[in-house]
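Can you build the whole structure from these sequences, using the hints too?
If you read the protein sequences in the order shown, they are chains R and F. Quick note, the first sequence lines up with residues 1 to 292 if you use full-length UniProt numbering. Quick note, the second sequence lines up with residues 1 to 221 if you use full-length UniProt numbering.
Hints are all accurate, no fakes.
Here are some, though not all, of the chain R residues that point toward chain F, as calculated from beta-carbon distances under 7 Å:
hint	residue
1	Ala30
2	Ala44
3	Val116
4	Ala215
5	Ile251
Which residues of chain R face chain F? A few of them, derived with a C-beta cut under 10 Å, are:
hint	residue
6	Ala23
7	Ala27
8	Lys40
9	Arg114
10	Ile120
11	Asn132
12	Tyr243
13	Tyr255
Rather than coming from a laboratory, the hints here were simulated on the basis of the structure. Quick caveat: nothing in here was measured; it's all calculated off a predicted structure. All C-beta atoms, glycine included, are put in the ideal place defined by N, C-alpha and C.
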Amino acid sequence: MSAQSVLFDAPGPRARRRHAILAAVGAVIALVALYFVVRKMQEANQLQGYMWEPFLTDRSVWRDYLLKGLWGTIKAALISIVFAGVFGLLFGVGRLSTIRPVRWICGVVVEFFRAVPVLIMMIFAFGVYTRNGVFANDINPLAAVVTALTLYNGAVIAELVRSGVYSLPKGQGEAGLSVGLTTGQVLRSIQLPQALTAMLPALIGQFVTILKDSALGTAITYTELLTWSKTLGSAFTNTVPAYIVAAILFITMNYLLSRLAVTVEKRLNRRGKTAGGAHATPAPLPGAAAAD
Amino acid sequence: MGEILSNYDVLAAFWGTIQLSILGTVGAMLLGTIVAILRLSPVRVFQWIGTWYVNTFRNTPLTLLMVFSILGLSFILGIQLNTTDVSSNVFRWAVVMLSVYHGAFICEALRSGVNTVPAGQAEAARAIGLTFGQSMQHVLLPQAFRGSVAPIGSTIIALIKNSTVAQVIGAGEAANLMSTIIENEGSRFSVFLIFAIGFVILTLPLGLLFTSMSRRLAVKR
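In structure tokens, the structure reads:
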């Protein structure tokens, strides 16, 4: 609401009348749009009871398809966020190293993996794993998904770590040095704890990105929610409803996570635990999922 | 590496990526601006519509949107964007879905730009007697646009990378060719390197440009 107060004055009687008219027009437009969507669905016979009822009445829809898919998605995302966290911490700290070659190599690695699309890495990793039989046949797709998500999101987290440390007030590091800690100790016991706490909301936002990107696994035969909803669609001949339900599941999960990120951020700000307020800047909006 | 470059038309594939990216960016900017206006308007109903749009499309995987556009909208609901040419239909749907998905992010980028403007600026503008239009034109919007350069930049870069998602519906672009090459030639590191470097070339200069632009245009506060 703060945005509103910047752009607009408090409405007077005339403005209020104008707003009421506009609101009515907006509502009509929205309803007309909804009507067209419903009519189009009807024309294509997509609103028939047998297509939608199974989601409420048939337990196997959930047990044999959607929950399996959900588990596939969540499993890949959870494994990836753990690995990405480790990767990000290592390379983020590496970029802060006092040794120039280490800093430089970590910088190149991070920038490279941030610039390459996840799907390109996924297709390549899958190709390598299947050709060389790196993992068991049924694990290869999962391994490829996790590899790609780890490399990309690890690079993003590395940037979060670095910018989190940079955004701390200078006094934090200087105070540590002046009481006789080494630069490594300062990083470990003063800067990183504060930076990591401050980047928690951004990290949750990154988890949303990972959940969404795990759907790319469908391109390399990893069976996650999107793949299972496609299978569901062919089994029950309700492709359109199946996709819509899958989308609702994704939206609900990600929306709740985004809200959580906002809550955590507010709580952190209120606690004021991070002296001087460190912010993990790469996330442009608090708690918002990045576009990639 | 040379053999792959001579046997396959890598440049044409990247041209597809560039076309998708440019058209997608234009579409996303248009949609994003409209949704941002809705979300920033003082009319409650408009705000609801804008918020619904952003929450829906920001939280749906782009992959799902792409797959749905072809298997759902095109095949079942019969909404073809080109009735005669299948590959053109796929390409156009890819552009539409890229626009729809990233429009939500552009909207949030613009909104975050508006949020960087302190309330004192608007109050000062009114205090010296500027009308609503004048204060928008001369005081608020210029600052808001400068504040949203950086997030818009990162959205556009994400869009370029996300154009690869069109591979799942078989649009002619880089990731599509890459999976074909890997099918034929095996997963060679050189293949990965060609495509990875291609994307580094596409995104890195843009990233530097947007960073320097956002620094240069930043409003000193």
